[in-house]
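Respectively, the protein sequence lines represent chains S and Z. Residues 1 to 95 in the numbering used here are what the first sequence lists, from first letter to last. Residues 96 to 759 in the numbering used here are what the second sequence lists, from first letter to last.
I should point out that these hints are in silico values taken from the structure, not numbers from a laboratory. Beta carbons are placed, not taken as given, at the ideal position from N, Cα and C, and that holds for glycine. Please note that the accuracy of each hint is not assured.
[As the list claims (entries may be wrong)] Label-pair restraints from in silico Cβ distances:
#, chain 1, residue 1, chain 2, residue 2, range
1, S, 72, Z, 293, 31 to 39 Å
2, Z, 744, S, 72, 33 to 41 Å
3, S, 52, Z, 366, 53 to 61 Å
[To be verified] Covered stretches of chain S (in silico footprint by chain Z; criterion: 3 or more residues with CB under 8 Å from a CB of chain Z, positions within the stretch not fixed):
#, stretch
4, 7-15
5, 18-27
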Amino acid sequence: MTNDATVAVPLSTLQTGAEASLHRTELDDDTRSLLRSLGLTDASRLRVCKHGEPFIIQVRATRIGVTGAVAGRIFVIASGAPSSNGFHEPDRAGG
Amino acid sequence: MSPTAPAAEVSVASGSKRIALLGNPNTGKTTIFNALCGVRAKTSNFPGTTTAIRIGHIDVDGERIDAVDLPGVYDTRLNSTEAQIARDVLSGEQAPPPAATVVVVDACNLTRNLVLVGELLAYPGPVIVALNMVDLAARRGVKVDTAALAERLGATVIPTVARTGVGLPDLRKAISAAVSLASPGTRPTAPPLGATPEALTTWAEAIVADVVTQTAGGSQVDTVTERVDRFLTHPLSGMLCFIAVMGVLFWTLFTLATIPMDLIEATLAGLGDLVRGLLPAGPIRDLIADGIVGGIAGTVVFLPQICLLFFLISLLEDTGYLARAAFVMDRVLHRFGLPGHAFVPLLTSHACALPGIMSARLIPDRRDRLATILVAPFMSCSARLPVYVLLTSLIFADRPAMAAVVFTGCYMLGAAAALVSAIIFGRTLLKGSARPMVLELPSYKAPSLRNALLTAKDQGVAFLRTAGTVIVAICVVMWWLSAYPIVEPGGEVVALRTQAAAPGVAVAEAEALREEADTLETREAQAASFAGQMGRIAEPVFRPLGFDWQLTVGVLTSFLAREVFVSTLSVLVGNGDASDVDEGVIARIRAMPRSDGTPVFTPATSAAALVFFVLAMQCLPTLAVTRRETGGLKYPLIQLGYMSTVAYIAAFVVRHGLLLAGFS
């Protein structure tokens, strides 16, 4: 992750359909713990379902809504153009 | 958790075994609990907290097994009351640990749900996995090899469809077998206690990769849900939809609750009359007919609104809409330090603050919940309506349009006071802003009527058991203060009755004389009662607002319920039937004199009284519910002190502002 600082961007900058993996968060402990319990663990992959307020992301099969302010404090590494079903990797069933 | 908290509610009944039911929110856990335990389950606060848990029992072949339905949690290690309760129950902090734990898992979202299973496997005792919503998973092309999953977990796995009852007989048998086990058996890959979410996720992903297959065409991207979400959370369409949904909800609440409320009032009024007819006149008859029956009526009358509200909220929550609505309102409410969820308590408080405050349970964060509870009574409830009608009629006798404008202004003033107070509490007593909104957006689904009915029943019973008893006691005390001491009729009353009984007086004239005597006697009794005496004692406090002793009595008696203010004034101006406040009575109240002969209800005093009633905490039942929901006297006392101070200062400013502006 030597160049992470240069490629990590706030989640709020990603558009609908974009994919990324979690890099770091700058949130209070309780909010961070809640996000981790919802599946947004370190390096987990996510997909942007809706850009704006609220910001909706999907982590595996969980859809998480966050306010724009929270999305601005979640830093991710974008994965490039989305695939037709929203995820680059083959879907992990039930996951 | 208080070590001294009573553990009776979660302890094992003598001779029975106990299981705990746990799961992520939105997995169908409540539906499974309801199916297993039926309508006999009880809701009560977990010892030392204000968080509700449900306790029921399951009968399997004549064997009784107690079941504790724990609040839905994503992770037992979170810093929340719900997670703390789960930890306490599982580790046996409050009572012996459960003989087995049933964890309800969403088959459509297995990885995240298995993280919680992984945590539970670290605790002692058998774990049963209820793999729920397998039908929905199958429709999405997800197939779970339950035998392989059971082997990997070292736990029993039962596929279920809670809504239709599929798998529930097997689940009962599994529970019966598990509570008889001495040890949980072999757990091949159980993660260690304290494993990080990342480690647990990696463990869960490995299991999912082995036991789940996805048929061709299946996809995690649900475009329909995404479109609906975009519509429902859009700043414009989302707000319009929110207004429409809330409009329907509150129209239903107001319309349907009125019917049973009227029925309850009529039934209990009839019961009071029956008691009066059966018992000989005296203090015992008055206590039962007016004090106790009146007190019960004053409590039970809230039940229809409370039950119907929770029924409707449960339906709405089940559909998945409430999570979206919370985001819509968060844009507005976050600026005032309130969470988006606060819209339900605040809107409900327009009907009545009691169900409003109770519905604050929807708010996950305690700081946010307290802020909402503290400000909810500022919203103009239906009990304020008759007071607004009376006072605006006094101020604008011949200008109904102006009365209507001021009437609307009262509602806006109450809402503005609630929002501004939320900011003040956020900077003082409850420092910090509302927690940033992070919510799971569950799948949309049809609501469960059975769950909604059971939720309504549970909340109604819980209200009667806790706040209800306090409210009955308050009603009895307030009745006693208003009715005692009993004074002998004055000379004028006796003279009128003598005159009515004199020979030669026409029947109609005698009737009128007796009516006048009754009215005068009621007025004398009210003035001589403890409440009347307190009104005279408290008069100097309210004098700066322009209130005389009569208005002060109205303020004091309205602590029972705000609408009592109107009937008190009606009696004080000599209206025999306190419930019938017509134009003539309003005219008499308008002309009500002070001791020095000048009118009480000048425009300045009427406006001050109106502002006072918009802002004051004139409702002891609300304080009883706040005490119940916050777990102590601290917050109801703060609520009473704060609202009374704000109301007093605002009324003072209004009165003296109007006087300075040249109004009398």
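Here is what the structure says about each hint:
| no. | hint | result |
| --- | --- | --- |
| 1 | S:72 x Z:293: 31 to 39 Å | violated (23 Å) |
| 2 | Z:744 x S:72: 33 to 41 Å | holds (40 Å) |
| 3 | S:52 x Z:366: 53 to 61 Å | holds (57 Å) |
| 4 | 7-15 | violated (count 0) |
| 5 | 18-27 | violated (count 1) |
Hint compliance for this structure: hints 1, 4 and 5 are broken, all remaining hints hold.
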